[in-house]
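In order, the protein sequence lines correspond to chains D and Y. Sequential numbering from 1 applies to the first sequence in our numbering. Sequential numbering from 1 applies to the second sequence in our numbering.
I should point out that these hints are in silico values taken from the structure, not numbers from a laboratory. Mixed in with the good hints there might be a few duds.
Said to hold, decoys possible - With the Cβ distance kept under 8 Å, some of the chain D side facing chain Y (calculated, not the full set):
#1 61
#2 76
#3 78
#4 79
#5 81
#6 85
#7 86
#8 88
#9 97
#10 110
Stated by the list, open to error - No farther apart than 27 Å at their CA atoms in a straight line, the calculated lysine-lysine pairs in the DSSO-like style are these:
#11 D:102 <-> Y:43
#12 D:106 <-> D:15
#13 D:106 <-> Y:5
#14 Y:108 <-> D:102
#15 D:106 <-> D:36
#16 Y:115 <-> D:106
#17 Y:5 <-> D:24
#18 D:24 <-> D:102
#19 D:36 <-> D:102
#20 D:36 <-> D:24
#21 Y:5 <-> Y:104
#22 Y:117 <-> D:102
#23 Y:43 <-> D:106
Unchecked claim - Sample of chain Y residues with no beta-carbon within 10 Å of chain D, all distances over it, derived:
#24 28
#25 134
#26 135
Quantities reported herein were computed from a predicted structural model and do not represent experimental measurements. Cβ coordinates follow ideal geometry from the N, Cα and C atoms, glycine included.
Chain residues, written in single-letter form:
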Amino acid sequence: MTNQKLDMFLMTNSKYFESYDLIKLRNELSEMEDSKWNKLQILQFKDPTTMLIISLLGGPLGIDRFMIGDTGLGIGKLLTCGGLGIWTIVDLFLIMGATREKNMFKILEAIYS
Amino acid sequence: MTIKKSNLYILSFSVCLIGYLYIAFQFNQYNSASVGLDVCIFKNLTTIPCPSCGSTRAILALVSGDVLTAIYLNPFSILIVGIMIILPLWILLDGIMNSSSFYKYYCKIESIMQKPKYGFCIIILVICNWTWNIIKMT
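Go ahead and model the full structure; you've got the sequences and the hints to work with.
Below you can see the structure in the form of structure tokens.
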């Protein structure tokens, strides 16, 4: 893959990943076969800011956790009124990082599949 | 798409611990017949009860042996009590035996629940309980 293409991809999608993951991601992408490029471009990532809004509105019911794919934790949050209200507040700070980690997991899965 | 093993263990153990402390606190309040602490953010903001409102009272009823009242107040309380009894024991057992059976089981359950047909059933159940909860409280 050309460097220009790679930088373009990283620039448009950098907000979906943790800053410390970007260098690792760049290395992974530069070593990737060109045939997987099309598959990567149609991947849909979850926006951390949207997740923060959902966490503000639907946090007590665990909707944020369900949406990023943590079904088990979502049910835990739903059954306990958002972890007695404590977990809801903690998740307001954690959800953006968790979303970025999920996105990283998703792209790595696509690269190695 | 699952969380790290250590995170899951720490999180579930601390949630159970906080749950036990909360129940102990509420039990104390319950015995002294004063007004208990209302922690549900959803209920405090909207005045509409959330799907799991009433489970504190239901668990307190279960502790004093009144199963029917517990089911009437919130059927989820049976599930919560089951989880709260089994989870810490399972985590401790995993720690002693140095195995990861709880983590494997959690991943398996999660992958089952992510299938649309099971997820749909769970959503319907939760919405039914929520509607019943709202009818009960008004």
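Fill in: Contradicted hints - numbers only
9, 10, 11, 23
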